[in-house]
Structures are given as structure tokens and as C-alpha cells.
Amino acid sequence: MTNVTTEPATAEPTRARRRRAPAEDVRDERSIISTMDRKSPLVRGVVAVAGGLLLVALVVTCAGPLFWLFKAATSTSTETLAQPFGLWPSGLHWENVTAAWSTVRFGTYLRNTLIICAGSWFFGLLVATTGGYGIAILRPAYAKVVEIAVLATLFIPGVISLVALYLTVVNLPLLNVNLLNSFWAVWLPASASAFNVLLVSRYFQAIPRELFEAARIDGAGSFRVFWSLVLPLAKPILGVVSLLTIIGAYKDFLWPLLALPDHDLQPISVALPRVESSTDLGVFMAALFVSVVIPVALFLVFQRQFLRAAGSAGAIKG
Amino acid sequence: MVALDDPPTAARTRARPVRRRPSAVAWVRRGGLTTLVFFLPLLLTFAYFSWWPILRSLVLSLQQTNFIVTEWVGLANFERVLADPLLLTAVWNTTYFTLLAVAIGFPVPILLAVLIAEMRRTRGFASVLAYLPVIIPPVVSVLLWKTFYRPDEAGLFNTILGWFGLGPLPWLNDPDLVIPAIVVQATWASFGTAVIIYLATLMTIRTELYEAAEIDGASILRRFWHVTLPQMRGILLIMLLLQLIGTFQVFTEPYIMTGGGPENRSMTLLLLIYRYAFVSGDYGRATALSLLLALALSLLSAIYLWATRRWSTS
Numbered sequence: 001m002t003n004v005t006t007e008p009a010t011a012e013p014t015r016a017r018r019r020r021a022p023a024e025d026v027r028d029e030r031s032i033i034s035t036m037d038r039k040s041p042l043v044r045g046v047v048a049v050a051g052g053l054l055l056v057a058l059v060v061t062c063a064g065p066l067f068w069l070f071k072a073a074t075s076t077s078t079e080t081l082a083q084p085f086g087l088w089p090s091g092l093h094w095e096n097v098t099a100a101w102s103t104v105r106f107g108t109y110l111r112n113t114l115i116i117c118a119g120s121w122f123f124g125l126l127v128a129t130t131g132g133y134g135i136a137i138l139r140p141a142y143a144k145v146v147e148i149a150v151l152a153t154l155f156i157p158g159v160i161s162l163v164a165l166y167l168t169v170v171n172l173p174l175l176n177v178n179l180l181n182s183f184w185a186v187w188l189p190a191s192a193s194a195f196n197v198l199l200v201s202r203y204f205q206a207i208p209r210e211l212f213e214a215a216r217i218d219g220a221g222s223f224r225v226f227w228s229l230v231l232p233l234a235k236p237i238l239g240v241v242s243l244l245t246i247i248g249a250y251k252d253f254l255w256p257l258l259a260l261p262d263h264d265l266q267p268i269s270v271a272l273p274r275v276e277s278s279t280d281l282g283v284f285m286a287a288l289f290v291s292v293v294i295p296v297a298l299f300l301v302f303q304r305q306f307l308r309a310a311g312s313a314g315a316i317k318g
Numbered sequence: 001m002v003a004l005d006d007p008p009t010a011a012r013t014r015a016r017p018v019r020r021r022p023s024a025v026a027w028v029r030r031g032g033l034t035t036l037v038f039f040l041p042l043l044l045t046f047a048y049f050s051w052w053p054i055l056r057s058l059v060l061s062l063q064q065t066n067f068i069v070t071e072w073v074g075l076a077n078f079e080r081v082l083a084d085p086l087l088l089t090a091v092w093n094t095t096y097f098t099l100l101a102v103a104i105g106f107p108v109p110i111l112l113a114v115l116i117a118e119m120r121r122t123r124g125f126a127s128v129l130a131y132l133p134v135i136i137p138p139v140v141s142v143l144l145w146k147t148f149y150r151p152d153e154a155g156l157f158n159t160i161l162g163w164f165g166l167g168p169l170p171w172l173n174d175p176d177l178v179i180p181a182i183v184v185q186a187t188w189a190s191f192g193t194a195v196i197i198y199l200a201t202l203m204t205i206r207t208e209l210y211e212a213a214e215i216d217g218a219s220i221l222r223r224f225w226h227v228t229l230p231q232m233r234g235i236l237l238i239m240l241l242l243q244l245i246g247t248f249q250v251f252t253e254p255y256i257m258t259g260g261g262p263e264n265r266s267m268t269l270l271l272l273i274y275r276y277a278f279v280s281g282d283y284g285r286a287t288a289l290s291l292l293l294a295l296a297l298s299l300l301s302a303i304y305l306w307a308t309r310r311w312s313t314s
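Going line by line, the protein sequences match chains A and B. The first sequence begins at 1 in UniProt numbering and counts up by one. The second sequence begins at 1 in UniProt numbering and counts up by one.
Hints are supplied without guarantee of correctness; some may be wrong.
[To be verified] Some chain B residues judged to face chain A by a derived CB distance under 10 Å, without partners named:
id, residue
1, Leu36
2, Ala103
3, Pro107
4, Val140
5, Lys146
6, Thr159
7, Leu297
[To be verified] Just so you have them, the derived chain A footprint on chain B, three or more residues with Cβ under 8 Å:
id, region
8, 124-136
9, 216-225
10, 256-267
11, 280-291
Hint data in this document are derived by calculation from the structure and do not stem from the laboratory. Remember, predicted model here, so these are calculated numbers, not experimental data. Using N, Cα and C, we set each Cβ at its ideal position, and we do this for glycine too.
Turn these sequences into a full structure, and let the hints guide you.
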């Protein structure tokens, strides 16, 4: 509740900055309501009131639950149960967080989550960049077939292969390896993402081909062109793909639940529901809070990149 | 012989490159092998974890397997799926869930995005706020809302109801409230994505259109109706379809919140597939139901795209 009153204060500097440089914004700012409309006091009043209400509603509904989670994570269980909206009746209790580490073994699960994110990121980027390079730039005769086969998986609902994927991972055809209870079982299926391949190969296609011809004349081979020309040029899209894969790996629940039955290998998303009923409420809230703090902190630092990634994901869908 | 033949052929190749039949050596020389190396990660991961499982589903739905013995059973798996009285419950629950989720989750992000786009000074702040729930891992957000929905007085919603002298409601334990309660949580967790996508689309609408409408005397609401919405219709149509397909495959929320209860009132199709495969070990039956669901979703998409072809932009 307190952040309702503090947020307008933090919004103040942006307002001041905008006011000093009005000229550059004029063209961009044209939307449904024009500058002409905004001169009318009625329109201004309605816009101001609606905007204010919207902001308050967003703060309460979107930031409110997170704030409550922080409060519950740093209060005792009895306090949270007796006064759900009471603000720290007996002060801050950070011991819940340390208890999450000792009693819930939160550290192990967090480590597993980070390993899963790192591996999914590495293999996801490896497949998307090499595959995208092959499809968009090297273009051998079979590139078109591969591209269509990759694209086709985008249109097939994911549910179709869930059980078959599980049976495949339990016993890999030709290799006869069981990947269950190894991180490979999470890394590799995640990296077969048609969406990432499509995103990257579209970006590669837009790079002027003269650059590659020039590099080839200078004696650069395929690997050299890939490593020192294409990858550096593709940094923006690699950032987008990295963010999407890491967020996806951090959020995933059903697949790690199936692929990692061993408790010692499970990420937090799988472990938290399992320990819920056997854990003290305050400690459990602390565990939830720490699982939220990491992505939220990253989001607040890299908000522009996050929002651009979300927007460009939409541009592909459209 | 090859060495003798080579110079003239090479000369001819340069003139007419198509005529020469490529040998393996020539293929490697021209970089065919390097190219294949670049394709390997994609080919291997897709073959093992995407293409093969899809093909295998088709086979698996006609089989009965317990890892050791596998036998062909024809359409028996499908018959057993259709004979399960829970199927109708799951179909109804999933449809109800989807309709409710779309009824709330489709219009709200549109309105929010249009309003946020009009807010000049606080646009960035508002979009960060709207995207905040999306950043939270679904499991955490489901578990958090599960504590909000506690059926006793300690639950947040029951405390709020208590201020007005109402409640307490059993929320997730109430057969009639369970799906609406899950829908509210699921919408909260995902509306931010749609808002950000719509905001990005709104920024691409050409300002000339608004100017022309304004010169023609169109009011603000008419500009929204006749310029904004038509300009967004392509992305709106796609997003609605994606939301339909996505919510039809809802799993995490009911699995963690209720496990399908009370009285199977939140049993969804994916929960049923999960139960067949990973609780009963009946992989054939689970795959048969997955195939039926995928078929239904593909049909739905095809009908949807056909019915809306006149409105779509491209």
C-alpha cells in the first residue's frame, strides 16, 4: 500500500526531463488524442483523471502483490495469518530468508535453476545462430526443406509431443541413452526452438549480402564469416533471443518436473510446489520472494531490453 | 583418368556451372561439409526433440507400451479415451476456462495499451508495471495467489470481503468458484505480454491517419474505433487465436492450485493427459488424447483463419 504514495515521486524526474526537451518528441507523440485536443480543458481533465486512475490501479494490482509478498516474507507466520494487511507489527524478520536456505535447501534449487538457465541459453543460442546462418546465409540446396520442417513445428500444438518427448528422452533412439535426471534432458529439448531459429534467420536475411562477398574475397571461410562478421552484426537479436530463452528456462515447470524426478536436481519452480505443504508459511513466503527478486531486479535494470524483446516477439507473431 | 580429364572439365564448369555432376570431393571443396557442420546442431536437436517425438506420437497412439513390451492395439486407445466419463468433464472445464479467460484477457490488454499509449509522461512507468507480473515465474505467482485464496479468514480476499461484512468464501474449494478464481490469476499473470505487444503495434500506426481523421472531424472515440482498431486488426486476430490455443493447453495453474479438484471441477484436458501418462503409466491413452486435442486445436485454427480471412491485413 505504501508504494502508492511513493511512486508519483519517483516519476517526477522523468517529467522534468521531458519538459526540457519537447521538440524532439512532437512527431512521435501523435496518437489518438492530438495536441489540439489536449488544449481543451475537458480532454485534459479526462486524460489526467483516467491516466491517474490507471496508474493507481496498475500499482495496486501489479506491484501490490509483490509488495505483499515482501511483507509476508519478512513477517512471522502468525502475523501474516492474524493480520494479512498488517505492516510488520513486530519489525522485520530476515531470519525467514536464512531459514529458507537451511530448511528448504533453497540454495540447491537455485543453483539447479541457474545451471538450467545457463545451459538452455548456451545450446539455444548455438542452435539458433548456426541454424539461422545455414538457412539464411549459406543456403545449400536442402536449406529450404530444413526451413519448412522447422517452421512446421511452430504450427503444431506443443501438447502433441509431450508424452512422446518424454519417452524419447528416457531412451534416445540409436544412442540408447537415458537422459532422465540429467540436465541435458532440459537443455536439449529447450534448444530445439523453431521460434528462435526463425527470429535469428530473419535477422540474418536482412544483413546485406555484399558484406559476405567482400569477406570471402578477402579470404574468410564460412567459420570466419560466422564468427567475426555475422555474430557481431547480430548482437541486438542475440540479446533478444538470450533474454527469451533465459526467461523461458527460469519459468518452465512441466518439463523439468517430468525430466528431473531426482529432488537434488530440481529447479526452484519444481521444488517450490513440492515443499509447500511441509514448510512454515513465513519461510515459504521468503523462498517465493527470493525466487521473484532475481528476475524482477534484472527486469528493472534491463527494462528496455525486456520490453523490446517482448515487443519483437509480437512482431514475429503479427 | 580423373587428373587427365580435370583441366578441360574445370574450364567447362566455369563457363556452364550447372552441367557438371558434383562428386563428393567437389562437394567438400565447395564448402558443402562446412555448411553441413553448421546445420548439425539444428538437425540433431530438432530430429531428436521435435520431429521424432511428433512422428512417434502418431505411432504411439496406436500402441500399448510399458517400456519392455510394445504391442499394436489399433484404435483401442482412442476408444478408451472416449469411453472415459472424465473426458466430457475435462472438455467442458477447459472450454469454460478458455471462454472466460478470453472474455477477460482479450479486451483488457487492448484498452490498457490504448490508454497507456495516450499517457505521455508515465507511459514507460506504466508499461513496466504492466509487464511486472509476466516476469514472475508462473509457479511462484500461482503459489502466491493460492495463499491469497486461502479459504479461512487469513486469506487476502476473505480479509477484504470481511471489511464489507461478507465472506469468507471457500474460493478454490468451491466447485463453482474454482475456475473463475484460476482465470483471474492466469489473466493477472499474462496480460502484460499482450499490453507490450499492442503498445509496439500502436507506435507503428501512421500519424497521417489520425491527422486525416481529425481534419474530417472525427471525435476521439471515433478515431479509436475507425483508425486504431482497424489498424491493429492483424495483430488482434493473431493474438486472439494464440490466446485460445494457449489457454486450451492450461496445466500449471490447476495442477498446482487444485490438482483438478474439487469434485474434478478444475480437471482440464492437459491434467487428464498428465494423469493418464505419468500417474497411470498409460502412454498410449495419453498420446491418443493429446492427438485428439491437437487435432481439435488445428481444426479450430483453420476455421478461425478461414472465417476471419476477410479482416486480416495480409
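Within the region 216-225 of chain B, is the number of residues with a Cβ closer than 8 Å to a Cβ of chain A three or more?
Held - the region 216-225 of chain B has 3 residues with a Cβ nearer than 8 Å to chain A, which meets the minimum of three.
Are there three or more residues in the region 280-291 of chain B whose C-beta lies within less than 8 Å of some C-beta in chain A?
Contact hint for the region 280-291 of chain B vs chain A: holds, 5 residues under 8 Å.
Is the interface hint satisfied for Pro107 of chain B? The criterion is a beta-carbon contact with chain A at less than 10 Å.
This hint is violated: Pro107 of chain B lies away from chain A, its Cβ roughly 15 Å from the closest one there, beyond 10 Å.
Taking beta carbons only, do three or more residues of the region 124-136 of chain B come closer than 8 Å to chain A?
holds (count 13)
Interface hint compliance - Thr159 of chain B to chain A, C-beta minimum distance less than 10 Å
holds (5 Å)
Grab the minimum C-beta distance from Lys146 of chain B to chain A and call the hint holds if it beats 10 Å, violated otherwise.
holds (8 Å)
Per-stretch coverage check for the region 256-267 of chain B, three Cβ contacts closer than 8 Å to chain A:
violated (count 1)
Can Val140 of chain B be said to touch chain A, with a Cβ gap under 10 Å?
OK, holds: Val140 of chain B within 10 Å of chain A, min 5 Å.
Checking hints one by one. Is Ala103 of chain B an interface residue toward chain A, by the C-beta closer than 10 Å rule?
violated (18 Å)
Proposed interface contact between Leu297 of chain B and chain A, which counts if any beta carbon pair is under 10 Å
holds (5 Å)
Leu36 of chain B as an interface hint toward chain A, with CB separation required under 10 Å
It holds, given that the least Cβ distance between Leu36 of chain B and chain A is near 8 Å, below 10 Å.
The structure fails to meet hints 2, 3 and 10 from the earlier list, while all remaining hints are met.
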